[in-house]
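Going down the list, the sequences are from chains F and C.
Start counting the first sequence at 1; every next residue gets the next number (our numbering).
Start counting the second sequence at 262; every next residue gets the next number (our numbering).
Read the hints as simulated data drawn from the structure, not as lab findings.
Heads up, none of these hints are tricks.
Restraint ranges, calculated between C-beta atoms of paired labels, are given here:
#: 1; chain 1: C; residue 1: 475; chain 2: F; residue 2: 83; range: 53 to 61 Å
#: 2; chain 1: C; residue 1: 378; chain 2: F; residue 2: 114; range: 22 to 30 Å
#: 3; chain 1: C; residue 1: 288; chain 2: F; residue 2: 128; range: 47 to 55 Å
#: 4; chain 1: F; residue 1: 19; chain 2: C; residue 2: 378; range: 31 to 39 Å
#: 5; chain 1: F; residue 1: 16; chain 2: C; residue 2: 270; range: 45 to 53 Å
#: 6; chain 1: F; residue 1: 198; chain 2: C; residue 2: 426; range: 57 to 65 Å
#: 7; chain 1: C; residue 1: 342; chain 2: F; residue 2: 30; range: 50 to 58 Å
#: 8; chain 1: F; residue 1: 257; chain 2: C; residue 2: 471; range: 22 to 30 Å
#: 9; chain 1: F; residue 1: 252; chain 2: C; residue 2: 371; range: 26 to 34 Å
Ideal Cβ positions, reconstructed from N, Cα and C, are used throughout, including at glycine.
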Amino acid sequence: MLRSVFTKTLYDARKMLLWWSLALTGTMLVYVAGHKQYVEAGFLEAEMPEFLGAFMGKLDFASGAGYLNATIYTLLGSVLVVIFALMLGARAIAGDEESGMLDVLLAHPVSRTRFVLERFAALALAVGVIGFVMWAAVSAASRFSEMDVPIVNIAAATAGLTLLGIVIGSLALAVGALTGRQALAAGVTAFIALAAFLANNLAPMFEGLEFVQRLSPFYYYLGGDPLREGFDVGGLAVLTAAALVLAGLAVWGLNRRDIAV
Amino acid sequence: MNGAVIETAGLSKTYGKRGTRALDELEMSVEPGEIFGFLGPNGAGKTTTIRLLLDLLRPTAGSARVLGLDSRSDGLEIRRRVGYLPGELPFGGRESAGDLLTFLGNLRSGVPRESVRALAERFDLDLGKPVRALSKGNKQKVGLIQAFMHQPELLVLDEPSSGLDPLLQQEFLALAREVRDSGHTIFMSSHVLAEVDDVADRIAVLREGRLVTVESVDALRERAGHPTEIRFAEPVPVGAFTGLVGVRDVTVDGSILRCVVTGSADALIKKAAEFTVERVLSQPPDLEAVFLAYYAGPGVEASGGGDDAA
Ligand SMILES: Nc1ncnc2c1ncn2[C@@H]1O[C@H](COP(=O)(O)OP(=O)(O)O)[C@@H](O)[C@H]1O
Ligand SMILES: [Mg+2]
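Please take these sequences and the hints and turn them into a complete structure.
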């Protein structure tokens with residue numbers, strides 16, 4: 001695990017990965033495994049104000065796909081995965097730079113390009129692990145509550161969420177690479193993520209603003225309704241491309257400037 | 262290798278768009294196999310220079326060649342062959358010192374474990390402790406080990422002695438000498454002359470981003486001269502001693518003569534022999550005095566550096 005920047009980054013993130021995996025699993029179990037009881041107890045039939053639908057997608061809590069889409073994939077799960085990725089991304093470069101460690105690392109025969117790409121790869125793999133854990137937890141819990149959502153559809157939605165996380169994490173990585181400031185990278189990314197979330201959910205409600213939705217990564221993640229329709233290859237491709245572009249931006253950003261101590 | 266190990270041409274750095282001129286047209290060259298002391302008060306631009314050499318900073322103007330390679334275009338190859346000790350050591354990770362050193366060694370495609378262990382033993386460092394729990398001095402040891410462990414041709418050390426206790430400082434200086442004697446080059450900064458004058462072959466003095474002087478420590482010592490005191494049996498006339506070859510700063514206080522002898526003491530001794538001498542006391546050169554003159558503001562350097570300051 002001490003072989004390269006890539007492995008060392010994952011090694012350093014192991015505890016965070018473990019705790020987030022546990023928290024995510026617990027949350028999924030509570031929300032998903034209980035679905036059958038919630039339906040039977042009538043918890044999900046209360047009148048929902050119309051505007052909530054904008055935030056939670058189609059308010060069809062009774063069906064498994066509708067429930068998963070609204071509670072887990074639009075809200076809870078996506079918030080958890082996005083925050084996880086954002087934290088990793090913000091510290092990937094700016095964190096080490098603020099501590100002074102980047103000065104030491106880049107005084108070794110490791111090019112800045114290579115350094116950024118190894119950090120990006122570690123970020124992608126860590127978010128991938130979180131995504132895999134989430135897929136396993138949701139799949140298991142959905143069988144338990146007898147949901148009729150195919151596991152492959154859960155995989156499709158989780159793959160989208162994982163890529164969304166990687167996009168957000170790469171954005172934080174890129175802002176960190178451009179500025180060297182961790183708090184700024186986290187703040188700017190959180191702001192953009194929130195704006196993107198709102199753009200995806202609110203823009204369609206305003207005439208003439210529908211195109212704004214197309215700018216949001218959330219659209220390419222959930223727009224194809226993966227829980228009902230399965231893999232949306234086009235959406236996943238857009239997210240992958242966005243992550244790669246942001247990684248490229250990070251490479252450019254770190255190469256063009258002074259390293260702070 | 263032939264040619265300079267470090268060579269800068271008009272190397273300049275301004276932080277920010279209209280910020281401070283941290284380094285102003287530095288022209289300097291470091292020869293193979295020497296220990297080069299890079300001196301200057303805090304804020305003089307030492308760290309800036311060092312980080313420019315390693316391509317961690319980009320020059321505003323000018324260029325630097327390290328081991329014959331351009332700092333901008335061949336940074337990777339330079340960093341492969343250089344050991345660097347940063348001025349401030351971060352090392353806040355949870356990993357053990359040994360693991361950190363293994364990792365850093367792996368970034369250089371592996372460093373013999375034996376080499377790390379020998380250095381750790383020499384500096385009396387416990388490799389098993391987490392780096393974040395190490396004291397400043399112990400972190401400094403980790404920093405020194407990672408700089409020396411791959412036996413680089415050139416060591417660039419930013420304030421290597423800071424944080425080390427006197428015993429370890431001696432150990433470090435001994436290591437520096439060994440490395441120099443094996444033909445490698447050391448470029449080290451300090452703001453205290455006493456930390457480098459024992460080992461350095463040459464020193465450069467930097468002040469406010471400008472190079473004030475470069476000279477050999479021997480020449481500096483020669484120029485500083487030996488403060489000398491002679492006690493006579495009876496008062497002596499000051500006029501008898503002024504203007505002697507190799508003697509300056511002459512003062513007479515009754516029967517005590519004080520002066521600074523540069524080069525040979527022959528003229529002074531022959532003249533003193535005309536009187537009854539009770540005692541002669543000659544001290545080692547006071548480098549600090551000459552040196553401090555360089556640190557002071559413009560103008561002062563001329564009198565402090567000149568041979569005839571008195
Ligand atoms: N990142 C930076 N931004 C702005 N000014 C800086 C920065 N780093 C150093 N300086 C300024 O440049 C000058 C030289 O600093 P430095 O090279 O660190 O000096 P030294 O190492 O000799 O103490 C100082 O005036 C310092 O305040
Ligand atoms: Mg400094």
